[in-house]
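With these hints in hand, go ahead and build the complete structure from the sequences.
Protein sequences, first through last, are from chains A and B.
Just so you know, we're using the numbering used here here: the first sequence kicks off at 1 and counts up by one.
Just so you know, we're using the numbering used here here: the second sequence kicks off at 1001 and counts up by one.
Calculated from the structure, these hints are not laboratory results.
Please note that the accuracy of each hint is not assured.
Okay, the calculated beta carbon distance ranges per label pair [to be verified]:
| hint | chain 1 | residue 1 | chain 2 | residue 2 | range |
| --- | --- | --- | --- | --- | --- |
| 1 | A | I107 | B | E1281 | 32 to 42 Å |
| 2 | A | L324 | B | R1032 | 24 to 34 Å |
| 3 | A | K179 | B | R1282 | 43 to 53 Å |
| 4 | A | E34 | B | R1032 | 39 to 49 Å |
| 5 | A | K179 | B | S1289 | 15 to 25 Å |
| 6 | A | L324 | B | E1088 | 34 to 44 Å |
| 7 | A | D422 | B | T1193 | 49 to 59 Å |
| 8 | A | G295 | B | S1115 | 21 to 31 Å |
| 9 | B | E1221 | A | P13 | 19 to 29 Å |
| 10 | B | N1310 | A | D422 | 24 to 34 Å |
| 11 | B | R1282 | A | D194 | 52 to 62 Å |
| 12 | A | R113 | B | G1265 | 15 to 25 Å |
| 13 | A | P114 | B | D1334 | 36 to 46 Å |
| 14 | A | D422 | B | K1217 | 54 to 64 Å |
In this text the structure is predicted, and so the values were computed from the model without any measurement.
Every residue, glycine too, gets a C-beta built ideally from N, C-alpha and C.
Protein chains: 2
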Amino acid sequence: MSDTAESRKFDVPAYVHELGVQARAAARAMGRAESCAKNTALNAIADAIVADQDRLKAENHKDLQAGRQKGLDSALLDRLKLTDARIEAMAEGLRQISALPDPVGAISGLEYRPSGIQVGRMRVPLGVIGIIYESRPNVTADAAALCLKSGNACILRGGSEALHSNQAIARCIEQGLGKAGLPSTAVQVVATTDRAAVGELLRLDKFIDVIVPRGGKGLIERVTGESKIPVIKHLHGVCHTYIDDYADIDKAVKVAFNAKTQRYGTCNTMETLLVAASIAERVLPILASQYQAEGVELRGCERTCVILDNIKPASDADWDEEYLAPILSIRLVDDLDAAMDHIDKHGSRHTDVIITENLARARRFLREVDSSSVMVNASSRFADGFEYGLGAEIGISTDKLHARGPVGLEGLTTLKYIVLGDGHIRT
Amino acid sequence: MSDTAESRKFDVPAYVHELGVQARAAARAMGRAESCAKNTALNAIADAIVADQDRLKAENHKDLQAGRQKGLDSALLDRLKLTDARIEAMAEGLRQISALPDPVGAISGLEYRPSGIQVGRMRVPLGVIGIIYESRPNVTADAAALCLKSGNACILRGGSEALHSNQAIARCIEQGLGKAGLPSTAVQVVATTDRAAVGELLRLDKFIDVIVPRGGKGLIERVTGESKIPVIKHLHGVCHTYIDDYADIDKAVKVAFNAKTQRYGTCNTMETLLVAASIAERVLPILASQYQAEGVELRGCERTCVILDNIKPASDADWDEEYLAPILSIRLVDDLDAAMDHIDKHGSRHTDVIITENLARARRFLREVDSSSVMVNASSRFADGFEYGLGAEIGISTDKLHARGPVGLEGLTTLKYIVLGDGHIRT
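This is how it looks when you write it as structure tokens:
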């Protein structure tokens, strides 16, 4: 693929169109592939990645050198780098996905109707999935594995800084598919760094069923703005923990501390702490001293600053901010309704938590807060495909339609109706 | 609403924006509304519609008169007309929807994870639904009822020719909502015929969660082209019946006749008949004489025209045509694979049928044909929300994401994750 692509005078629209045609054809073969063929492919790709470790590192070295010359920052270079441990982790991820149950073909709710026909639903692949992501080579293997197991064909377009690494991984994937007798075009990794290829992919609505952008807000806004194809996207996470006046203080402190400090840069990290006014004087001083010992900057509303007199006041902008950093905004609220109003106005509908021992409060919060994950007495950091038992995830969707929250294999499938009759007609 | 709307100097963007703000606020109240309040509203709307029968007919008469002056064709005028029987049917539809189970709040799969948290999913409303439809007043009541029962707020924009009828129905809906203590803004019927209102609705992505266009292909293409909001759409139905060489001739004739002739203008009507070459001489002459007796025009491929020498040859364009008329294209195919290739190339992924007594063939067809409904030995005319037991439908989706096939109450909801812990933190 990459040889052809590089040797001809490069016509990006024609090249991308061809990827689409091939993916659509491969999707039919993948839709009827048996589980054991798909699992054989996944394990063979894992083997090839381990066997090709030296070549992968050599190709990755080219990307790293080019990246240094281009002056990429150290965080980017770190994400780009393939170490032995990361290569092993990629292979392990593939093997784990092969061990997950195959969602394709499962029939649910098959029931007789009064007319005599049987009606049910069968879980089937979406078809062709386009994934656009930044320069992390491991995503190439992860995304390919999830699409393959769910019976989809995919077109992967990784960040241009990872071109050599991604093409090297693509060759391992091709080998694995070949060993299982599956079409090599079931996974196609775009072999050009020309950014026009992204625009072409987004117009390929004839061939691609869904686009999954993985990366920063800029990428996601570009994709949703331009795409003619439905998008499963993860926008951002402004997550709240509300400490209700019926909270157990020890649990509140433990959970609110963990939700902020266990990792700062993740979308399910708490960004705003809401505290019922009547419990604030008992819980905030304990929490504040723990946060401050950890180096977390606190920004409080007026009433918070009365209780915690050594912190910065929060500005209006703070309530909408996804810090992804050791900063926390804190607001006192009068009651559960005020907390839910704040979440409705400022939240990003990702993950929100109530800490309470009161069943009526928990029941209302669970039903009324409109977020992809709603929790009682647990850290928002649990909002994750592995913790939820999905086995692996392609991302966390902040959309409401189709797939909401962590998106695993099931989110890459859809349900079609099946009808069984014996010569039944409608009268 | 309509009085305010008509008396001020009309600012369409501001008016539509206000609808959005009010709908978003109403959506929160609807999301937490109890089933009995929603059912009370549905039955009270039905009562109001029956009680207001004379006023409804008087308002409808204004629309009909204006329509005649504008020179609307008789089919359009017929769809616009409210008769006593149609008013009774609207009320009956509302009562049927009140009798359906409430999907909102159902929790599924709540299981303990190794970390000790419980994870499950709760079915919740989508939020705010925008529905754009043509001039059939009964859709106003049907769509309002489905949105109301599924806990959503909605903004309804019916065809301008039905303005007076729709506003009269809107007043009945408002009465019913009031009787149940639900916000009157849970159902808002756009009170202007200005077409700019549609464009404004499609840009209201801050307030509307999903747009459902109901109507002809032109409307649906405009909506999908312009909308910034996810769309659940029904595009068109090019449905196939494939008579396999293992078909029972009697069942094949019965089903294929019904699939074409039971109604001509519906999306689930068969448009192309595929016949295995080896069985064609036995089945086609019988079927052709039945179709011709019914006045169905047949258009055949070359090989078909050898067997049926009194029919028109089909052109290439015939295989992609949704006739919605007493016309049928017929093609001979060599085997199951050729039939599925034809369906993949020319079908619209709506509803496709195999007639066979062979289990292996049925099994392959069910799995491999990528359509919203796939059937064995049953008429494609069964693809319908009532026949499938959904109780009522807002349309038949030809999309793959979110809702595929007939869309009932469940299609107007989504699943959020819920997590229950007791002070659990992530380590």
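Outcome of the hint check:
Checking the proposed 32 to 42 Å range against I107(A) and E1281(B) shows it holds: the Cβ atoms sit about 36 Å from each other. The beta-carbon spacing between L324(A) and R1032(B), approximately 32 Å, falls within the hinted interval of 24 to 34 Å. For K179(A) paired with R1282(B), a C-beta distance near 45 Å keeps the hint of 43 to 53 Å intact. A hinted range of 39 to 49 Å for the beta carbons of E34(A) and R1032(B) is consistent with their spacing of about 46 Å.
The supplied range of 15 to 25 Å is broken by K179(A) and S1289(B), whose beta-carbon atoms lie about 55 Å from each other. For L324(A) paired with E1088(B), a C-beta distance near 59 Å fails the hint of 34 to 44 Å. With their beta carbons about 51 Å apart, D422(A) and T1193(B) fall inside the hinted range of 49 to 59 Å. Separation of G295(A) from S1115(B) is about 27 Å and conforms to the stated range, judged on CB atoms against 21 to 31 Å.
Between E1221(B) and P13(A) the C-beta distance comes to about 23 Å, which sits within the given range of 19 to 29 Å. Taking 24 to 34 Å as the suggested C-beta distance range, the pair N1310(B) and D422(A) conforms, at roughly 32 Å. A hinted range of 52 to 62 Å for the beta carbons of R1282(B) and D194(A) is consistent with their spacing of about 57 Å. At roughly 24 Å, the beta-carbon separation of R113(A) and G1265(B) lies within the given 15 to 25 Å, and the hint holds.
Distance hint check for P114(A) and D1334(B): the Cβ-Cβ separation is about 38 Å, which falls inside the suggested range of 36 to 46 Å. Range check, D422(A) to K1217(B): Cβ separation about 35 Å, and the 54 to 64 Å hint is violated.
Checked against the numbered hints given earlier, this structure breaks hints 5, 6 and 14; the rest are met.
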